[in-house]
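Chains as they are written, first to last, in the working numbering: chain A, 4 to 206; chain B, 4 to 206.
Hints are all accurate, no fakes.
Here are the simulated lysine-lysine pairs, DSS-like style, with alpha carbons at most 25 Å apart:
no.: 1; chain 1: A; residue 1: Lys131; chain 2: B; residue 2: Lys131
no.: 2; chain 1: A; residue 1: Lys94; chain 2: B; residue 2: Lys94
no.: 3; chain 1: A; residue 1: Lys26; chain 2: B; residue 2: Lys94
It should be emphasised that the hints constitute simulated quantities derived from the structure, not laboratory data.
Protein chains: 2
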Amino acid sequence: MKLYGAPKPAPNPRRVRMFLAEKGIDLPETPIDMSKREHKSAEYRQMNSLGQVPTLLLDDGTAISETVAICRYFEEIQPEPSLFGRTAAEKANVDMWVRRIEFQLMSPVGNFWRHAHPYTAALLTQFKEFGESNRAAYSNAQRWLDGELADREFIAGDAFSMADICALSTVDFAHWIGLDIDAERTNLAAWHERIRARPSASA
Amino acid sequence: MKLYGAPKPAPNPRRVRMFLAEKGIDLPETPIDMSKREHKSAEYRQMNSLGQVPTLLLDDGTAISETVAICRYFEEIQPEPSLFGRTAAEKANVDMWVRRIEFQLMSPVGNFWRHAHPYTAALLTQFKEFGESNRAAYSNAQRWLDGELADREFIAGDAFSMADICALSTVDFAHWIGLDIDAERTNLAAWHERIRARPSASA
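So here's chain A without its partners, still in its complex pose:
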């Protein structure tokens, strides 16, 4: 089994590294040099037609991409500690929260990075006004999430889960591109302190 990834600040490979650290699975990452566009090479695209990082290559040649799908594979082969829930309702609840974090919180951060950040401007056509509008969208998402976190410790409820990993990588990547937690979002800030204190957060 081989895990192709890339170092910080790339948020998706980090999600997988955090997940593996929480599971106690030791699988060193095979680094892909994104600055040399190795992920867009013909060889890499044989495994992953979209040329994205990370990719998990199984011993039988099956290639799994998409961060959450890769983590789900590890959850299946090593269920404990559970990070996607155990019962049908728990599993649905964690999946709901992973998706809410991705669609509500990650999406504006990704749009800002793609359409408003100077780094991306050099590589791709941007729609700046749209990109800038995602500052407000990210703030709105924070307000909503802050309310949700008023009476619980973790994103999906009483237990740490994949949803916390997705949210942490989003908030930290957002900070790296200049989008911070708004001062009034004290529940979100307290959650961030709790999660970044976990050993897995340094992955």
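With chain A held as given, fit chain B onto it using these hints.
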């Protein structure tokens, strides 16, 4: 158990109805009148703080939203016929394809609807130029998916899965808002004919 949904052309409730039809689960939808903004009411938001449709309300009061999370709940309580895969590798592969369809194919269609369609213009601030750019993004996604479908019957491989449901609802909603399958994408068009011929497609 109660399933709150909305009739066609809303693509998300349709994905759940198709999934239930494929499973042979008879659970009539409790309709939410989106034209009357019932999904944004305080009462509905008690179940779903984002005010989105569909929502599944379990008998113990647990509310599950996010279409794929709802379907995953039904997969857990009734595994056959499998629509999310059976082994760890199959589950990861289907999840990968569901996500690829959502991020590559649904995302440009959703952006076009949100930022370029006249219906939405009356309700929300649009970034038209960005919205229009999603025509090309949807065409690019079609080209990629058409290549993937050159040598297989279904999106995720040899078996019908949740990924086909996601892709069908996307292609049909795109058609409804004026984005069609490009003439040269014959593999995609053939796949579309196969899937829309299934009884569940009328759900």
